[in-house]
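Protein chains: 2
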Amino acid sequence: MDILFRKVTYMLSLNTVEAIKYNSFRNGKENKMGSKNKERINILRNMMIKQEIDLVIVYTADEHGSEYIDEHYKLREYLSGFTGSAGTLVVTGKEAVLWTDGRYFIQAQEELKGSGIELYKDGLPHVPKVLEYVRSFVKKRKSTRIGADLKLISMKVKHELDGLKELGVEVVDVDLSASVWKDRPEETRNPIYYLPDEISGYTVSDKLAQIRKRLEERNMDAIFLTDLSDIMWTFNVRGSDIRYSPVAVSYGYVDVDSAFLFADMRCCDNALRDELKRQGVTLREYDDTDDYIRWLKGRRIVCDYTSLNAHMAEMLSGNELTDERSYIYIRKHIKNKTECELAKDCHIEDGLALTKFIYRIKKLVREGAEEGRGINEFEAAMMLDNMRLSIKGNRGLSFETISAYGSNGAIVHYSPDKRNSAMLKAEGFLLVDSGGQYEGATTDVTRTIALGKITGEMKLDYTAVLKGMLDLSDAVFLEGTRGENLDILARRPIWERYKDYRHGTGHGVGAMLNVHEGPQAFRYRILKDYPQPPLEAGMITSDEPGIYLEGKYGIRIENLLLCTERKSNEWGRFLGFDTLTLVPYETDAIVPEMLTARQKQLINEYHRTIYYLYSPRMEREEREWLSAVTAGI
Amino acid sequence: MDILFRKVTYMLSLNTVEAIKYNSFRNGKENKMGSKNKERINILRNMMIKQEIDLVIVYTADEHGSEYIDEHYKLREYLSGFTGSAGTLVVTGKEAVLWTDGRYFIQAQEELKGSGIELYKDGLPHVPKVLEYVRSFVKKRKSTRIGADLKLISMKVKHELDGLKELGVEVVDVDLSASVWKDRPEETRNPIYYLPDEISGYTVSDKLAQIRKRLEERNMDAIFLTDLSDIMWTFNVRGSDIRYSPVAVSYGYVDVDSAFLFADMRCCDNALRDELKRQGVTLREYDDTDDYIRWLKGRRIVCDYTSLNAHMAEMLSGNELTDERSYIYIRKHIKNKTECELAKDCHIEDGLALTKFIYRIKKLVREGAEEGRGINEFEAAMMLDNMRLSIKGNRGLSFETISAYGSNGAIVHYSPDKRNSAMLKAEGFLLVDSGGQYEGATTDVTRTIALGKITGEMKLDYTAVLKGMLDLSDAVFLEGTRGENLDILARRPIWERYKDYRHGTGHGVGAMLNVHEGPQAFRYRILKDYPQPPLEAGMITSDEPGIYLEGKYGIRIENLLLCTERKSNEWGRFLGFDTLTLVPYETDAIVPEMLTARQKQLINEYHRTIYYLYSPRMEREEREWLSAVTAGI
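So the sequence lines, in the order shown, correspond to chains A and B.
For the first sequence, counting from 1, position 55 maps to 1436 in the working numbering; every step adds exactly one.
For the second sequence, counting from 1, position 23 maps to 1404 in the working numbering; every step adds exactly one.
Same shape as in the complex, but just chain A:
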């Protein structure tokens, strides 16, 4: 047994108090008592009376439109008691309503008990949307003052609210947290570090030159950067202010002859300052961003309205703002050669850990079943997390590990909780979706592991999911092809079984940045308001079809695909995918007769590569197991 495994067994032997502490760290705050939240809503209402505000909207947001947010910004959670990652709270003099989506209906119902807040199940047919609710409230009145923190609403949302002006609405900027939140957690501000060229691939001055060229081509003067991962990429820096995202809270500004990075000066050392200066970037204090940009006048400035907040937009109001997707200027979604090489290397290390985990969890469950000891979903996740965190160059997880056993696998966004975690038995599927942040790369991988006996239907479904995942990864396509064109390849074997998975087939993945990164995706819905660019060599996208049968089981298989050039000829430039993820499939769950000759070839070649790479780094027992599960079909 190697050192990793000793660490895991240590974690498994934690006592209850420690486990609960860890759990609380993993799952956010404990459920507040509803009455406490009732009181908090009342404090909010008193503030509303004083400031003559008729309705308050509290979004789940930070100042940068981030997907994950710092505790400092969780006002919606503080007020309502609902701890899910997505939700909007609206409070009027008489009503308090919370919207959240299907992932959280049950949880929200529990957590809102006694708070006097009504749950609106977003997405269900006859449930009004937030804006519809607000509109109908406003329509009954002559005039309405709506309170919202302009720093915490994007321009996209602001425009929606502005649409209500003709109904007598005035949007009032209020610092809601300052007014009502006692003991608000401090903002997380950790050191910012510079990524050397051997990790970033391009110097900052190279990147600035490219951005300036594109600004000129599109006849724009400047770009104001608000999305944190865009800023990190542009200035070759990273931080750790937001969980799962190696980003620092910051703003960026680039025009033809200057470039500014606004960040917390306490987090920047002289080395960073000097390096940025050498690259043509001036460091400025984060809190002075608005002071600086309000002096800009008469410029054509590119902004991303999904991450630009309304307060900053107001600071820029003397300019001509253009809402454009930032990927046109900041091409961080096209990974450069260095980023691609690092991604390949990191996936080998990440994959080795997950492969060893699969061996161990199967063994633990089997032995546990024999010896009357047990391990649950939560402990399995902890074990994997620790194996991953011990990898050289690891910088944390890229999202909260999903470890879902049996029927829990059918809950797409399930994450285990120590208190309600299912015990693993030597039968059925364990679905594990996990990933890490590494120096230079981000991983995201799902394997569905058979812990013992599985049924015929499970095998047929597993094989259909695997066929779809393989067919998409094997696509050859002309330049100009989009994710919407290829989605059918993954979905087809599942649709042929008259089943479906109700999520996209894949999302872009960052390079040591967010695990969900735009602009490309695999999906079949063609969205008018959210067009995506064609696939290009250098994009990294997940390929993760699934089948989820409520109350029975869930299957998902996910690899990351790197788009690469295949051939250019008189017909055009052909692209394809290299599979980055290297973790064996569940051969016990494959029905060989369902596979085409090509699919068998793909599986066998993949397994041969895995055995070649991992077997020299394994103990004898592990190696024997790997040899068996990667044997040819």
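Hints may be right or wrong, so weigh each one.
Note that identical chains are pooled: a pair holds if it fits in a single copy or bridges any two copies.
Here are the simulated DMTMM-like pairs of lysine to aspartate or glutamate, each with C-alpha atoms no more than 20 Å apart in a straight line [what the hints assert, rightly or not]:
| hint | residue 1 | residue 2 |
| --- | --- | --- |
| 1 | Lys1494 | Glu1974 |
| 2 | Lys1455 | Asp1969 |
| 3 | Lys1431 | Glu1476 |
| 4 | Lys1563 | Asp1451 |
| 5 | Lys1948 | Asp1881 |
| 6 | Lys1948 | Glu1877 |
| 7 | Lys1419 | Glu1752 |
| 8 | Lys1909 | Glu1705 |
Think of the hints as simulated: they come from the structure by calculation, not from any bench.
Chain A is already provided as a structure; the job is to place chain B on it using the hints.
Showing chain B alone in chain A's frame:
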């Protein structure tokens, strides 16, 4: 030999004069001498001087935005001498320029010789578009009067021209043909006939009720129908005013309490008038359309700006016009049960004729080669056309037959010409793309026929095309899926060979209407300005991938697919396709090792059906041949 075959041999024995006459019927007018066109352009310029017009634009168009147009409207051809189906002529005091696309570059170069008209090859990189040319002409001047026939430009084009107003442009409405065209052909006006319910499936009053319901749902008062096939479908009538399209020149208007069909009264008999009256439709004289509609005021009227001409739009200017794709109101693209049944029946008759043609052409070529007699592409097309025209219920061809031998097959829109027609030899591929109009249905089918020995590359390419065609036809998909999602299924085996076809994979097909019918299509480009609705049960769409190697050969295989419901369950409503076309594939060109088990199954089942349906209706020799070519792979 049956009567059909005697007719064909008669056609083949026509003398030269008759053949040229037939050819001229098939291919439009003879090439005009360039000098004659120079003279015509001069007459146009004299008119321009008199009317103080600086620039004239002549589009290829009728008053209804039709794809094929009547001789009466071919002013661009009359002026320029260029006989292709697509082109735009711009004449100024000094210059005359013609735009046409890649299909016609060589032909246009020939036909424009000596006319003084310059050819602009539309679509090539540095060639300005019509509007760019006009804009740069206009920019050099203080003010410009542009002459165009407002009846012959769509509102879409009108809006483009209106965009030049700020540059001092005035668009002047001129009846160009009246001013310059001597001996202009009369408009074709043939009798209009009523389609009985057993062919149309729905009564006119049913259709009007549906249209009114949709108008109400979308808060509109009326729809003004300008697309001829929309009008035919709505009023259950047909005509024969435009070649290959069973349509009558007409307008239609439907509001909540009235419905009008504007048509040439000389073409309408009392039976038609009575029937329409019974269904709630008033017949009015076509030439009085504008007189009638100019009285409409203050209504919200739905129009289709691709077929509404600028003159008619002006007549409606007292109303609020909304440009909406007509398929939202006129759901002719969703074939009803009767239309589907008739399509199936007609495809059996049409397919039998083409199957017999394949047998005969192979035999003729083989025997001709032995006996020193020959048959060319053009004669082969004539033979097939005559076989098809003799089918009971046939109402003509649905487009000009493509019969392309050898390297001509690589020219996608090739149609044979008696003078330049290639002789068929007992080797290589003959690509035949053809179709017919029938009582209740329209067919469109392509087969690539091996006339003798073919190379290994040809077989590999043929099999790739067949695999693609089969994979698309075999798709199972959820409601909400679009043509852009499925296109990859047809293209994939071809892209895997690093080849491509530079056209869409399929187009909608009418029911006894236009062979090209919107709104759905199979293509992979996602066009912002041309969104298409999801696939629905009842749509008929072609599935026609290909491979074209310049100077070598062309392969295309085309079946029509009827979208049908497969299963509804908790995941949604699943759809699939029934293949309507029934003509054997070229088994000599199939490489069985390239096929999946499923593809083999599809081919074998298809061929068994064909043998079962056609063998009882064949001569002994034909039947023996069919038995051999439909034997299992």
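For each hint, the structure was consulted:
1. Lys1494 with Glu1974: Close neither inside one copy (52 Å) nor across copies (64 Å); limit 20 Å.
2. Lys1455 with Asp1969: Neither. Shortest intra-copy (44 Å) and inter-copy (69 Å) distances fail the 20 Å Cα cut-off.
3. Lys1431 with Glu1476: This pair counts as within: shortest intra-copy Cα distance 18 Å, inter-copy 75 Å.
4. Lys1563 with Asp1451: within (17 Å within a copy, 80 Å between copies)
5. Lys1948 with Asp1881: Between copies, since 13 Å is at most 20 Å while 34 Å is not.
6. Lys1948 with Glu1877: between (32 Å within a copy, 11 Å between copies)
7. Lys1419 with Glu1752: neither (49 Å within a copy, 100 Å between copies)
8. Lys1909 with Glu1705: Both. Shortest intra-copy (15 Å) and inter-copy (16 Å) distances satisfy the 20 Å Cα cut-off.
When each numbered hint is compared with the structure, violations occur for hints 1, 2, 7.
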